[in-house]
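Number of protein chains: 4
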Amino acid sequence: MHLKKDDVAKRPPMGWNSWDNYASGVTEEQLLDNARELAKLKSSGWEYVVCDIQWSDPLAGTKSRKGIVYKNFAPLTMDAWGRLIPAASRFPSAADGRGFAPIAEKIHDMGLKFGIHIMRGIPRQAVHARTPVLGTNQTADEAALPNSICAWNGDMYGIDPASKAGQAYYDSIFKLYAQWGVDFVKVDDICHEHLYKDAPYGEAEVEMIRHAIDACGRPMVLSLSPGPALIGKAWHLGRNANMWRITDDFWDDWKLLRDMFDRCELWQRQGQEGRWPDCDMLPLGTIGTGFGQPRKTRFTREEQRTMMTLWCIFRSPLMMGGDMTRLDDWTKSLLTNASILAAQQTGREPEQVIKDDMQAVWTSLSADGGRYLALFNFTDGPRKVSCSLGEFEQTVKEAKDLWGGRPAQLENDVISAELPAHGAAMYHLRG
Amino acid sequence: MHLKKDDVAKRPPMGWNSWDNYASGVTEEQLLDNARELAKLKSSGWEYVVCDIQWSDPLAGTKSRKGIVYKNFAPLTMDAWGRLIPAASRFPSAADGRGFAPIAEKIHDMGLKFGIHIMRGIPRQAVHARTPVLGTNQTADEAALPNSICAWNGDMYGIDPASKAGQAYYDSIFKLYAQWGVDFVKVDDICHEHLYKDAPYGEAEVEMIRHAIDACGRPMVLSLSPGPALIGKAWHLGRNANMWRITDDFWDDWKLLRDMFDRCELWQRQGQEGRWPDCDMLPLGTIGTGFGQPRKTRFTREEQRTMMTLWCIFRSPLMMGGDMTRLDDWTKSLLTNASILAAQQTGREPEQVIKDDMQAVWTSLSADGGRYLALFNFTDGPRKVSCSLGEFEQTVKEAKDLWGGRPAQLENDVISAELPAHGAAMYHLRG
Amino acid sequence: MHLKKDDVAKRPPMGWNSWDNYASGVTEEQLLDNARELAKLKSSGWEYVVCDIQWSDPLAGTKSRKGIVYKNFAPLTMDAWGRLIPAASRFPSAADGRGFAPIAEKIHDMGLKFGIHIMRGIPRQAVHARTPVLGTNQTADEAALPNSICAWNGDMYGIDPASKAGQAYYDSIFKLYAQWGVDFVKVDDICHEHLYKDAPYGEAEVEMIRHAIDACGRPMVLSLSPGPALIGKAWHLGRNANMWRITDDFWDDWKLLRDMFDRCELWQRQGQEGRWPDCDMLPLGTIGTGFGQPRKTRFTREEQRTMMTLWCIFRSPLMMGGDMTRLDDWTKSLLTNASILAAQQTGREPEQVIKDDMQAVWTSLSADGGRYLALFNFTDGPRKVSCSLGEFEQTVKEAKDLWGGRPAQLENDVISAELPAHGAAMYHLRG
Amino acid sequence: MHLKKDDVAKRPPMGWNSWDNYASGVTEEQLLDNARELAKLKSSGWEYVVCDIQWSDPLAGTKSRKGIVYKNFAPLTMDAWGRLIPAASRFPSAADGRGFAPIAEKIHDMGLKFGIHIMRGIPRQAVHARTPVLGTNQTADEAALPNSICAWNGDMYGIDPASKAGQAYYDSIFKLYAQWGVDFVKVDDICHEHLYKDAPYGEAEVEMIRHAIDACGRPMVLSLSPGPALIGKAWHLGRNANMWRITDDFWDDWKLLRDMFDRCELWQRQGQEGRWPDCDMLPLGTIGTGFGQPRKTRFTREEQRTMMTLWCIFRSPLMMGGDMTRLDDWTKSLLTNASILAAQQTGREPEQVIKDDMQAVWTSLSADGGRYLALFNFTDGPRKVSCSLGEFEQTVKEAKDLWGGRPAQLENDVISAELPAHGAAMYHLRG
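Chains as they are written, first to last, in the working numbering: chain A, 58 to 488; chain B, 58 to 488; chain C, 58 to 488; chain D, 58 to 488.
Rather than coming from a laboratory, the hints here were simulated on the basis of the structure.
A hint or two may mislead.
Identical chains blur together in the list; that is why a pair holds if it fits in one copy or across any two.
Unchecked claim - No more than 27 Å apart at the CA atoms, straight line, and that leaves these computed lysine-lysine pairs for DSS-like:
1) K128 - K454
2) K232 - K120
3) K290 - K412
4) K61 - K99
5) K99 - K67
6) K128 - K457
7) K221 - K123
8) K128 - K221
9) K312 - K290
10) K97 - K353
11) K67 - K232
12) K120 - K221
Build out the structure end to end from the sequences listed, making use of the hints.
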């Protein structure tokens with residue numbers, strides 16, 4: 058039932074994802090260590106622990122793969138039905154066919170939810186080994202399209218929507234995930250990819266996956282990657298998925314953050330209950346360990362606030378990318394500002410009011426009948442950013458400074474603030 | 058003030074436009090004849106009378122121009138300030154510098170509003186004659202960009218936003234239109250045009266025009282053409298205009314009508330008070346007279362209802378294109394169905410629920426707390442089109458058939474109707 | 058040595074290829090039957106017998122594959138080094154590791170030369186089986202690029218030019234072909250293919266193949282497919298290959314034949330000894346058997362002559378595509394017209410003189426100091442096609458009609474002929 | 058007669074052009090001063106003196122136009138037939154309707170030939186003034202296409218090939234140029250321009266101009282600009298023009314010079330008597346005066362030799378761009394190296410032998426039965442560049458060093474030279 062689909066993500070999801078820090082090599086221990094830290098922030102709304110790509114590759118992240126995130130033709134751990142399972146060398150509890158169930162259980166016991174990353178399609182090694190497809194008398198090669206591949210990872214073939222084995226294969230993996238206790242699936246290589254001129258968005262595969270989730274017996278959030286998703290497919294994305302990336306991979310680079318304002322402008326009317334345009338993970342605190350270059354985020358503190366402000370007023374899902382086990386106080390303060398997060402969870406009708414080369418202004422309605430207002434300075438120096446109150450029908454008696462230390466100036470029906478380079482301010486206006 | 062901008066079109070405008078029937082050659086007499094007929098439908102909401110393109114060309118539409126809609130380098134009627142004025146040979150009341158004022162007054166006296174078409178820019182003949190620009194000591198050539206031209210009409214040069222004379226020229230023409238009593242301006246060659254790779258949407262000129270309207274002292278609806286507008290510019294369009302074309306010129310051809318479903322899918326979340334994506338004129342009844350080929354619309358009756366249903370549930374502006382003086386009863390019935398028009402005027406949150414190669418289903422909320430539901434059959438034969446009520450949270454006790462003769466079938470939480478080829482049904486659901 | 062490269066094809070090659078008639082399913086018997094017929098035309102210059110695609114697939118062309126030219130993930134016959142070998146079920150003499158050697162020997166005994174088709178790359182089944190690469194301690198997966206695939210055939214992965222195993226693999230297959238006695242290799246999926254935006258022409262693989270041929274110890278003609286090759290790569294193609302397709306697959310359709318005039322115009326200056334732009338096979342006589350639809354060529358007799366005339370004056374290689382065992386007298390006459398073929402073998406400086414929507418005229422120099430002149434009628438009715446002799450410095454005392462029955466008219470320094478619809482005439486002019 | 062067309066440029070033209078130094082503002086005095094200097098080099102082959110763009114604009118190049126090369130809507134000097142004539146303020150001898158005739162006569166008296174630049178089309182000021190077209194009863198507006206404009210200059214409208222007045226207008230201007238004694242016409246905005254997606258090459262206008270030259274009664278070289286010309290139009294260019302630019306404007310920048318090797322590779326087979334791909338002017342010595350920034354060429358001496366070597370072995374036309382009145386000895390030595398220029402004038406079959414990221418090698422046949430060989434170093438440091446003699450059939454007893462100081466090394470059938478950064482060597486090989 059499609060409606061139920063939206064019920065699993067009535068508000069934009071919040072959580073932690075392993076990619077920004079551990080790349081393709083996260084281990085069970087790291088996953089659980091981070092989960093334990095995330096659980097401490099649960100009251101702020103942080104909920105999902107997502108194990109990102111390549112968890113079935115026993116050697117991913119090991120020294121033998123120095124600097125290699127995706128190894129061509131790496132042997133993957135797979136069951137007899139051609140389904141990828143966690144590599145026991147990295148996820149010891151997965152041994153003996155238990156898969157991610159033990160980890161999911163531990164995470165559930167922390168009061169959190171558990172998510173995994175998958176690539177669309179069926180493993181090439183299953184196809185060439187002609188493994189049987191569960192519930193059919195067909196084999197993996199009958200489910201696959203030999204020329205439907207990912208541009209940047211060689212593990213999978215795309216599924217042939219015209220084949221019976223294809224839907225059966227997707228059904229078989231999502232039933233397995235349901236058994237494991239998976240609550241969130243990030244499907245990759247499906248939302249926008251660069252190899253195929255003619256199929257930048259895999260509509261048929263999205264529909265097969267939607268069907269498989271609906272049939273698997275467990276609610277799961279469906280998240281689509283990578284981006285940028287095509288705005289022309291907004292309706293189809295919303296019908297079938299709960300969140301979808303509106304950007305290519307996001308990292309700690311001002312150019313990418315500045316660019317996100319353009320993407321949020323484009324997608325501002327597309328978010329609604331159960332259907333969320335996604336600005337990608339938050340590269341905060343310590344990141345990059347799995348890429349061989351652990352580092353503090355390159356964003357200035359002002360840029361970090363700007364990012365949080367934009368993601369929240371726009372209502373993007375929030376997935377912390379940094380190492381939770383090394384969370385510093387500053388970063389923690391960003392992740393636990395209740396007023397800012399309230400905009401993300403309960404704001405309504407987010408809208409860009411002003412955007413030019415120098416600045417942007419966004420607003421949304423707050424749950425208490427007031428209004429959020431965010432001011433952004435794009436320039437490399439300080440700048441006063443202003444907005445006429447005539448832009449929206451709102452009398453303003455009070456403008457609460459949600460980050461603090463940056464009080465609003467109200468004069469002649471104009472609200473303004475002095476903002477440092479790349480800085481932001483966010484206010485809660487009440488009449 | 059931008060907010061005021063939206064106030065002039067809180068609901069999607071309805072009216073009549075001269076293009077579909079009179080092409081570039083409409084006359085004062087024809088304009089007023091059609092206005093008088095439109096006034097009879099005023100209680101249904103029909104309000105604007107819009108004189109389309111080329112009204113300053115004395116010979117447009119005359120026998121000497123047989124089959125020529127746009128004559129290269131045609132001499133245009135112009136005042137001393139390089140402003141185009143109505144050709145007195147076609148609009149006799151415009152003589153002696155009265156411009157469109159007498160016509161506007163007559164139309165206002167009918168209880169209607171008056172609109173005109175303009176091309177973006179400044180007349181080439183003003184530029185090459187170096188006419189002065191009102192309120193400046195500059196001349197027309199100083200306001201123009203020599204390489205900013207329209208792909209399909211040779212009258213104008215685009216305005217240079219970096220010049221002082223440019224904004225002054227736009228201010229000067231909108232002040233004139235305000236004096237005339239113009240209520241609606243359709244600006245052409247601005248919303249999407251095909252010649253310039255690098256500037257498919259004239260942002261800077263849109264902003265100059267917005268400024269000129271805000272400064273002219275009279276509220277005016279700003280309508281942008283032609284289309285398709287770029288979805289990536291949705292925010293800018295909404296900030297500056299009241300309606301904008303989401304399609305190239307629309308005519309009575311099923312392929313174009315079928316295509317409009319794709320365009321409405323794309324733009325479905327962009328309409329709001331004062332900001333309306335526009336599906337273009339309604340080629341109903343008798344059209345094409347000015348093109349030398351008067352004809353009855355080529356749409357079947359089913360297709361005509363399909364068009365009205367889509368335009369109304371989507372909340373497109375409605376501009377009748379057919380000859381009002383030859384309005385037949387069937388066409389009149391389409392234009393006066395109060396229940397259908399109510400969806401266009403007061404429906405909220407229009408949303409496509411289903412669309413595939415065979416069918417589409419749309420819904421919106423009605424003002425009384427009920428819901429509109431529209432079913433569409435894309436196929437060339439009869440087809441039963443259905444929708445699960447689970448698609449939206451709505452108990453359904455009654456499904457009122459708004460066009461009549463096509464009662465809904467309600468069974469097991471599925472609502473359906475038997476629809477003829479290219480046909481539609483529209484219902485008002487109440488719980 | 059590059060110079061030697063050109064020596065194997067000083068004149069544009071002539072031969073027969075199995076594709077047009079047998080598709081992917083030609084057998085040893087069919088190959089030899091056709092070779093025997095071709096040998097009878099040897100005195101006209103016909104020399105190469107080329108076994109086209111999929112000869113390692115045991116089931117290709119069998120009833121179990123009804124209508125399927127390329128079977129996804131079909132098991133291919135392969136040796137221990139990951140090299141494809143002929144399927145013994147279709148090529149019985151290939152059993153026991155003899156490969157194509159026995160067939161090559163028989164064809165050589167007929168006084169002919171033997172060619173094979175290959176896809177660029179290394180079999181996916183070798184890669185996933187990690188077969189060793191001859192002469193290295195590496196395996197097939199170390200030679201392959203997982204995302205370098207063909208758009209229309211799923212057998213192979215492209216070779217990684219940065220890997221040692223890659224060049225070694227190419228060397229290993231060409232050494233095998235040399236042992237078999239192969240004289241001609243048509244490499245497919247390399248000249249222009251549509252999947253990869255960023256690599257429409259596989260320069261690095263062409264260079265590896267060139268290296269492998271130069272090192273294999275036997276002269277071989279290198280033919281590249283499919284087309285259209287990119288004109289911007291003309292120099293690289295000429296440096297490395299002996300012939301390359303300037304068109305996508307050519308069939309018996311006037312539109313394709315008309316289009317070839319545009320392609321020949323584009324490539325007219327690029328042919329020289331050892332380096333030939335290739336107009337593709339001649340779909341003459343009986344073709345299509347292997348596609349399940351044997352048919353007489355759909356070209357009219359006039360169109361057939363037009364094709365032969367263009368291919369010959371342009372100096373394209375000539376590869377008969379029709380069934381040699383069912384060669385009718387008419388078709389045979391096309392293939393054995395010594396005067397026409399002389400233009401292909403020995404003409405110099407072919408040049409288009411006239412081309413417009415109605416007609417074309419080509420000329421080239423003949424070995425005896427005279428000149429060839431070809432007149433073409435593009436229209437669907439009869440037309441007189443003319444050319445001023447002033448177009449080239451040639452006194453004309455005699456204009457020998459090379460096809461016969463269509464004498465030239467010479468008047469006032471203009472040569473002309475009455476040509477039927479889609480017809481051609483070809484003359485040998487002498488001063 | 059087309060053949061005659063090629064006769065006016067049997068060898069690639071050599072001359073001087075005013076653009077690189079004087080931009081749009083050259084004067085009669087400057088033109089003649091430069092001509093007198095060029096005449097001193099006549100024995101080296103330098104022949105054409107070409108007055109580049111905007112000679113009918115009285116104010117071009119004056120102080121009132123500081124920094125403005127093309128003034129929007131500048132009033133141009135024009136005769137009663139809408140034909141542009143030289144501005145007498147800049148070309149005093151042109152007064153009283155004498156046009157360029159006096160200047161042409163003076164230049165002819167120096168033993169040189171005279172050329173002018175024109176934009177394709179008809180002046181906009183003629184069109185809007187509706188001036189009569191000579192030899193017709195039509196006016197300029199009837200010859201023009203209102204939307205056929207240049208992307209970077211606003212003077213002209215393109216000519217409508219469907220109009221009678223169009224060909225008549227072109228005929229009228231070329232007859233005037235013939236009366237003036239013009240020997241060379243550089244037609245601009247016709248060979249490749251960027252505004253019009255659908256018409257990057259003005260085939261119809263090229264044909265009208267060809268017709269007008271053939272009919273004007275005086276032989277004239279037809280040179281087409283700007284570039285890059287489309288290789289797909291090579292045949293049409295060769296049929297109608299004598300030279301055409303294969304590059305956008307060329308300046309003294311190594312990136313552009315390096316890029317020219319790619320362009321010469323592309324066009325290497327297209328040059329022949331009367332038909333020359335053109336690498337653009339030589340920015341040598343002092344240039345840029347008219348742009349307000351006179352400077353010595355930014356090319357190093359090595360780069361200057363590299364440029365001369367490439368242009369000459371490729372057989373590009375040579376048009377000196379620098380100030381002839383300030384010619385220094387070094388630059389003069391580049392322009393008068395008889396051996397190098399002989400390759401440009403009489404070399405045959407220029408061919409690129411090697412090109413990769415580091416180097417290139419070119420060869421051509423010399424008139425005496427020997428061979429030219431040019432070695433180029435693309436790297437930023439010294440490099441030994443080599444070529445196997447096996448690349449061409451040529452025994453080599455002597456390798457004459459044509460620039461001097463860089464003797465060839467001959468060893469084991471390999472010829473090589475040590476070249477400095479961006480340097481070149483050129484040899485004449487004899488057996």
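Here is what the structure says about each hint:
{"no.": "1", "hint": "K128 - K454", "in the structure": "neither (59 Å within a copy, 55 Å between copies)"}
{"no.": "2", "hint": "K232 - K120", "in the structure": "neither (34 Å within a copy, 38 Å between copies)"}
{"no.": "3", "hint": "K290 - K412", "in the structure": "both (25 Å within a copy, 12 Å between copies)"}
{"no.": "4", "hint": "K61 - K99", "in the structure": "within (24 Å within a copy, 45 Å between copies)"}
{"no.": "5", "hint": "K99 - K67", "in the structure": "within (17 Å within a copy, 44 Å between copies)"}
{"no.": "6", "hint": "K128 - K457", "in the structure": "neither (51 Å within a copy, 54 Å between copies)"}
{"no.": "7", "hint": "K221 - K123", "in the structure": "between (40 Å within a copy, 20 Å between copies)"}
{"no.": "8", "hint": "K128 - K221", "in the structure": "between (31 Å within a copy, 17 Å between copies)"}
{"no.": "9", "hint": "K312 - K290", "in the structure": "both (26 Å within a copy, 21 Å between copies)"}
{"no.": "10", "hint": "K97 - K353", "in the structure": "within (22 Å within a copy, 70 Å between copies)"}
{"no.": "11", "hint": "K67 - K232", "in the structure": "within (23 Å within a copy, 50 Å between copies)"}
{"no.": "12", "hint": "K120 - K221", "in the structure": "between (41 Å within a copy, 23 Å between copies)"}
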